[in-house]
Amino acid sequence: MLSSAYKIPGGKLVKIKLWPDAERVERITILGDFFLHPEEVIVTIEESLVGTKIEINALVKVITDVLQQSEAKLIGASAEDIAEAIMIAWKSK
Amino acid sequence: MEEFRFIDLETNNAFTNMAIDEAIMLSMKEGNSPPTLRLYRWKPSAVSIGTFQSMLDEVDVEFCKTNGIDTIRRITGGGAVFHDYEGEVTYSIIMPKGHRLAPPDILESYRLLCSSIVRALDRLGITAEFKPINDVNVGEKKISGNAMTRRHSCVLQHGTTLLDLDVTLMFSILKVPQEKISDKMISDAKERVTSIRDLLGREVSIDELRDVLKLGFSEALNINLVPGTLSPYEQRLASQLAREKYVSEDWNFSR
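These protein sequence lines are chains A and B, in that order. The first sequence maps to residues 1 to 93 in our numbering. The second sequence maps to residues 1 to 255 in our numbering.
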């Protein structure tokens with residue numbers, strides 16, 4: 001398992017627990033003190049990331065798509081911030 | 001003036017406190033509860049974590065067990081909060097979506113509701129300001145943390161206002177490697193967080209804080225607080241939620 005803690009400049013903390021399979025997400029948990037409305041969408045984001053190539057643009061696209069489809073709002077963090085935190089975990093290997 | 005039910009300062013354990021907040025939302029969704037403001041304390045003292053946090057990552061659960069401190073996951077995002085029975089008062093304000101005090105813009109919503117805390121502190125002679133996203137600060141130091149959720153067709157915001165702060169105890173509860181608890185870290189925390197007693201240098205009582213919070217909400221939001229209690233239906237829902245959800249490891253250790 002790879003992990004990271006990314007303090008968003010001037011914002012919240014995003015923590016990642018990442019189980020990779022080759023270059024893709026096998027399993028992921030997104031943690032932190034940000035806000036997401038509705039909260040349950042975090043699980044949809046985590047599930048949708050499974051199978052995604054661990055590459056910044058691909059990760060941002062999956063997260064952004066889920067947020068749009070779910071009409072969800074992230075507060076204190078962005079799709080890019082979560083993707084960045086995932087990349088930091090990935091690079092720690 | 002618009003009326004809010006006011007459930008005056010009461011003391012419950014962590015599981016009951018969080019269950020009551022959700023029970024009011026569920027009942028309000030069904031049209032059975034009016035807009036409500038609650039003030040409450042936590043006994044035993046407890047640590048609550050944000051809904052996206054990991055209990056084991058954030059909290060020294062063993063230390064809490066040994067010292068009789070409850071641990072609970074909130075339904076709201078945000079960070080870990082130590083609810084010291086002697087050191088803070090928590091509020092929750094709940095209203096249906098679309099209410100005048102629940103604008104669609106979430107930051108605007110925080111600003112509006114947090115203005116009640118700013119007003120309350122002003123009543124004590126403390127000049128504070130809303131610090132986006134969800135804090136109230138005095139200068140650079142945080143004195144109140146707040147968290148909102150929008151679900152069950154309602155908006156709920158709850159938050160803490162610090163009367164007193166034991167930084168050393170806070171670091172024992174939150175998961176910080178013991179070797180990192182240095183004098184420097186403790187002095188750094190004291191630069192970031194403050195409390196009413198620190199600022200005023202006198203023994204402000206819980207009741208005095210309760211009085212100004214009540215005034216702060218009523219004045220800042222222009223609402224009439226009508227004393228009330230939980231309905232029997234809300235009490236039943238709360239007991240059920242406390243028992244089946246908030247006390248459970250499935251919920252508290254779900255992440």
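Derived by calculation from the structure, the hints in this document are not laboratory data. A hint or two may mislead.
[Unchecked claim] Computed footprint of chain A on chain B, listed as stretches where at least three residues anywhere in the stretch have a Cβ under 8 Å from a Cβ of chain A:
id, region
1, 48 to 54
2, 220 to 231
[Stated by the list, open to error] Taking lysine to any residue and the SDA-like style, the derived pairs with C-alpha atoms no more than 25 Å apart in a straight line are:
id, chain 1, residue 1, chain 2, residue 2
3, B, Lys-175, B, Ile-133
4, B, Lys-175, A, Ile-88
5, B, Lys-131, A, Gly-11
6, A, Lys-7, B, Val-193
7, A, Lys-91, B, Asp-57
8, B, Lys-214, B, Asp-57
9, A, Lys-73, B, Gly-125
10, B, Lys-142, B, Glu-203
11, B, Lys-175, A, Ser-92
12, B, Lys-142, B, Asp-211
13, B, Lys-43, B, Asn-222
14, B, Lys-175, B, Ser-109
15, B, Lys-141, A, Lys-17
16, A, Lys-73, B, Asn-222
17, A, Lys-73, B, Leu-26
18, A, Lys-73, B, Lys-214
19, A, Lys-73, B, Glu-203
20, B, Lys-43, B, Leu-221
21, B, Lys-97, B, Asn-222
22, A, Lys-7, B, Ser-254
23, B, Lys-175, A, Lys-73
24, A, Lys-73, B, Ile-133
25, A, Lys-17, B, Lys-131
26, B, Lys-65, A, Val-60
27, B, Lys-142, A, Ala-5
28, B, Lys-142, A, Lys-91
29, A, Lys-7, B, Asp-60
30, A, Lys-73, B, Leu-199
31, B, Lys-43, B, Lys-131
32, B, Lys-65, B, Glu-10
33, B, Lys-131, A, His-37
Ideal placement from N, C-alpha and C gives every residue a C-beta, glycine not left out.
Going through the hints against the structure:
1. 48 to 54: With 5 residues close enough to chain A, the hint holds.
2. 220 to 231: Answer violated; 0 residues pass the 8 Å Cβ test.
3. B/Lys-175 with B/Ile-133: holds, 24 Å
4. B/Lys-175 with A/Ile-88: Given that 25 Å is the threshold and the Cα spacing comes to 22 Å, the pair holds.
5. B/Lys-131 with A/Gly-11: It holds: about 11 Å lies between the C-alpha atoms, which stays within 25 Å.
6. A/Lys-7 with B/Val-193: holds, 18 Å
7. A/Lys-91 with B/Asp-57: holds, 21 Å
8. B/Lys-214 with B/Asp-57: violated, 35 Å
9. A/Lys-73 with B/Gly-125: At roughly 36 Å apart (the allowed maximum being 25 Å), B/Gly-125 and A/Lys-73 break the hint.
10. B/Lys-142 with B/Glu-203: holds, 20 Å
11. B/Lys-175 with A/Ser-92: At roughly 22 Å apart (the allowed maximum being 25 Å), A/Ser-92 and B/Lys-175 satisfy the hint.
12. B/Lys-142 with B/Asp-211: holds, 21 Å
13. B/Lys-43 with B/Asn-222: violated, 31 Å
14. B/Lys-175 with B/Ser-109: violated, 31 Å
15. B/Lys-141 with A/Lys-17: violated, 31 Å
16. A/Lys-73 with B/Asn-222: violated, 29 Å
17. A/Lys-73 with B/Leu-26: holds, 22 Å
18. A/Lys-73 with B/Lys-214: violated, 31 Å
19. A/Lys-73 with B/Glu-203: Violated - the C-alpha atoms of B/Glu-203 and A/Lys-73 are around 42 Å apart, more than 25 Å.
20. B/Lys-43 with B/Leu-221: violated, 29 Å
21. B/Lys-97 with B/Asn-222: holds, 18 Å
22. A/Lys-7 with B/Ser-254: Roughly 23 Å between the alpha carbons, so the hint for A/Lys-7 and B/Ser-254 holds.
23. B/Lys-175 with A/Lys-73: violated, 29 Å
24. A/Lys-73 with B/Ile-133: holds, 14 Å
25. A/Lys-17 with B/Lys-131: Violated. A/Lys-17 to B/Lys-131 sits at ~30 Å, over the 25 Å cutoff.
26. B/Lys-65 with A/Val-60: It is violated: about 40 Å lies between the C-alpha atoms, which goes past 25 Å.
27. B/Lys-142 with A/Ala-5: holds, 22 Å
28. B/Lys-142 with A/Lys-91: Roughly 34 Å between the alpha carbons, so the hint for B/Lys-142 and A/Lys-91 is violated.
29. A/Lys-7 with B/Asp-60: holds, 21 Å
30. A/Lys-73 with B/Leu-199: violated, 36 Å
31. B/Lys-43 with B/Lys-131: violated, 29 Å
32. B/Lys-65 with B/Glu-10: holds, 24 Å
33. B/Lys-131 with A/His-37: Holds, because 20 Å separates the two Cα atoms, which is no more than 25 Å.
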